[in-house]
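Asks: Top to bottom, those sequences are chains E and A.
My numbering numbers the first residue of the first sequence as 3 and each following residue consecutively.
My numbering numbers the first residue of the second sequence as 13 and each following residue consecutively.
Please keep in mind that the hints were generated in silico from the structure rather than gathered at the bench.
Any given hint could be a false lead.
What the hints assert, rightly or not - Straight-line Cα separation of at most 25 Å, BS3-like style, residue types lysine-lysine; simulated pairs: (1) A:Lys-252 - E:Lys-111; (2) A:Lys-418 - E:Lys-111; (3) E:Lys-165 - E:Lys-134.
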Amino acid sequence: MDIQMLAEEIPVEGEHSLEGIDFITSGEQYLAFLLGEEQYAIDILCVEEIRSWENPTQIPNSPNYIKGAINMRGIIVPIVDLRMKFNIGEATYTDTTVVIVLTVETTDKTRTIGFVVDAVSDVLNVDKSEIKPAPAFGGCVPQSYLEGLVNAGDNVVTILNVKALQAVEPHQLS
Amino acid sequence: MSVDLSQFIPSFLEESFEGLELMESSLLNLEQGDDETINSIFRAAHSIKGGAGTFGFNGVTEFTHLVETLLDEMRDGRRSIEQNDVEILLESVDCMRLLIEAIRDETECDSNKINETSILLEHTLAFDDNATSDTDTNTNVDENSANDTADALSKWQITFIPEHHLVQTGNDPLFLFNALADLGELILVANCKELPALNDIDAEELYLSWQLTLSTKASETDIREVFEWVEDECQLTVTKEETTDKVASEESEAMVETSNEPIINEPVNSKPEPQISSAIAADKNSSIPVPEKAAANKAKNDLGSIRVGVDKVDSLINLVGELVITQSMLSELGNDFDLSKVEKLNSGLEELLQNTKELQESVMRIRMLPISFAFNRFPRLVHDLSKKTGKEIELVLKGEQTELDKTVMEQIGDPLVHLVRNAVDHGIEPAEARIAAGKSQKGTITLNAYHQGGSIVIEINDDGGGINRQAVFDKALEKGIVDENTTLTDTQVFDLIFEPGFSTAKELSDISGRGVGMDVVKKNIQSLGGRIQVESEPGVGSTFRVNLPLTLAILDGQLVRVGSEIYIIPLITIVESLQPQKDLINRVSGDMVLYRLREDNVPVIPIYSLFNIASEFKDVESSLLVVVEDDGQKIGLMVDDLLAQQQVVIKSLNDNYQQVEGISGATILGDGSVAMILDISGIISMAHKKSEMVQKHKNNMQFKATQQISEGASF
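Chain E with its partners taken away, still in its complex shape (with noise of 0.2 Å):
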């Protein structure tokens, strides 16, 4: 899998580079991911740049799920392994694993933040009348990060919830 290419396709800046392939999408699109075997997604608008792992920068008596932080363009980004934090997988480094960067806007301010993730896999295009409410069934991530699932081919795809993502990080350390 080419992550170089992958993140080519990405649009960066939302609307401008979107109009280009509008004609063949209809709905959201949605940035689809591997966590150990299971695919998730996350609106790809929020996405500000797909990295490759790199050490990052400890932060001093920070749950384990936080990796550090590192600089991105000047920017102090913390990052979070959302296999540690979900407990999906093994949190293992190889020249796959990526950090997704997202950038989210809250009601008093824009938070980024980026995510250890096992490697980039499609972008979806989903209708939101596709995305089917997930059941609580227990499950390794906590239901308020869950936004729906959507069938993908073969696969369940979970969507999450980026609001919840960056929101409730911070607050559930200290």
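Chain A: place on chain E using the hints.
Replies: Here is chain A on its own, set in the frame of chain E:
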């Protein structure tokens, strides 16, 4: 082609605020007959009026015009400068500020205060007009009659049809007519056709119009000038009459019939005024929200721009030019590089380093402003406060040119206001007490700013009664902050006033009330990375000394290594770095390690265990100690290695993450990696917490305590 004026509004606002500041400070320095000061006040008012006129901010234009007229009279020496007038002008400056702030925030201005002041202004103007013009007209008339034949008198027919709401804007036709009478002989005919039945009369409306005949030597412009304030609110025609004899006599005959009318009607249109002013008087009580609004607007203010001297910008451009040259030299060098060019490369890099450093300094200098920006508001504050408290106070400002970072300046303003207010309110004694104590009746408050090392020091000194040490101590006893048997130094006692428990004014009135929100002041200053100290001598006065870092953005740091991590210790906190000697290391109470540094026993804090990370050395002997000090407390930080000293740019961890205990921020090192900046006071409190935890642990597990702590207690 039309130009979009709105793009210039921000600069107009900025200039206006500057102008207002200038007006304010000049007004406070205004002494009788000081031409240059009055001129500069007048010029400031005039440019504000002009600017406002250009953008169509009529409220500002009209109001400023009144101010300008008053100033003009002062400038021409027609009016002596009285304290009362200065007060009114100061009020007016406040009003203008409100008006302009309303424009900035695109809100409606709460106009009570403005109406009130403009009426006050007009009264002042009118009063003076009457006083002087009475005599003036007399002499004028005499002169006129004497000169009638000599200078050609021309007759003017003026039709003046004011709009009904004229008097509501604070204008009074009577003033206009008085002013016209100054110009020459005036004959008035009032037209009361529009006057409704008595039942329908709105006391605040003006239903009259006038036909005026004026014989004067003055030109049309002079006449029109009289109507300048009301131009927009009336229909006005000014025509010159060619024949001076016949028509005039006819007119005057016609007038005789009607000339009683204005006199009868005069009370009608002068009635509204007392009502207006009484309405305003009633409103005075309800006008409290205004300052709150202003405070809310302050936050917006912070986003403002900086005015930078051209020389500073020029030096920047020069430096950037040099940087570009160096860069092209280096890239040329890199095109076909071999070892013979190493020397060239080195010198190129050296140059690059030099350029970057200078560039950085220049950029930082742009953010630096003289502290007079923060000091500016104090003359007015002290002036107002001294009036309110009835104390005579002189404010002395020193070191106003001391430069300080803009951000620090903005945030230090409020704490300083608080300190100055305290000094006036509680520091300076009432005049009688001062005389009784053998001091001059006039109290002195001195604000002084100067650089000291990498920080700026601001001193607020008053020559008042000082802090009552015993009272503070008693208060602390009562609050249970101190123990009866504790002996405290004076400094320690005075520091108690920064305790949160001391923040109620009434309880403290017996000890001159200091402590009103002092904890907040201290917190604000500490959040800026500064500290505050107080010195006081009974009967002589007190000094508050505020120490602030010059800038918040850049920090001189010592890079240290612990395990594989690099941390930055602020250079300013470092007392010394040393290699521990075995015989100076003492273990006390089981686990705590103390290092004897000359007379002091410095507790040693291992960073690796505090931050829960791996390190190369676990024992004090083989590590290095960096002795740092915060708030008088020295600690020794155990690190693996000392690296370079360098300036680092502080980046916030909060933006994307959250506050981390013991870390004040992060920075980016030369290789692009992130390094954490240590927060010494945070580390000290972490260590305290940890020792408390250890204590608990010990109590819980009496035996095997030592082993447990070293393994399990570290978070």
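Asks: Now look at each hint and say whether the structure bears it out.
Replies: How the hints compare with the structure:
1. Under the criterion of a C-alpha separation no larger than 25 Å, the hint pairing Lys-252 of chain A with Lys-111 of chain E is inconsistent with the structure, at around 68 Å.
2. Restraint check for Lys-418 of chain A and Lys-111 of chain E: satisfied, since their Cα atoms lie roughly 23 Å apart, inside the 25 Å limit.
3. For the suggested pair Lys-165 of chain E and Lys-134 of chain E, the alpha carbons sit about 18 Å apart, so the restraint of at most 25 Å is met.
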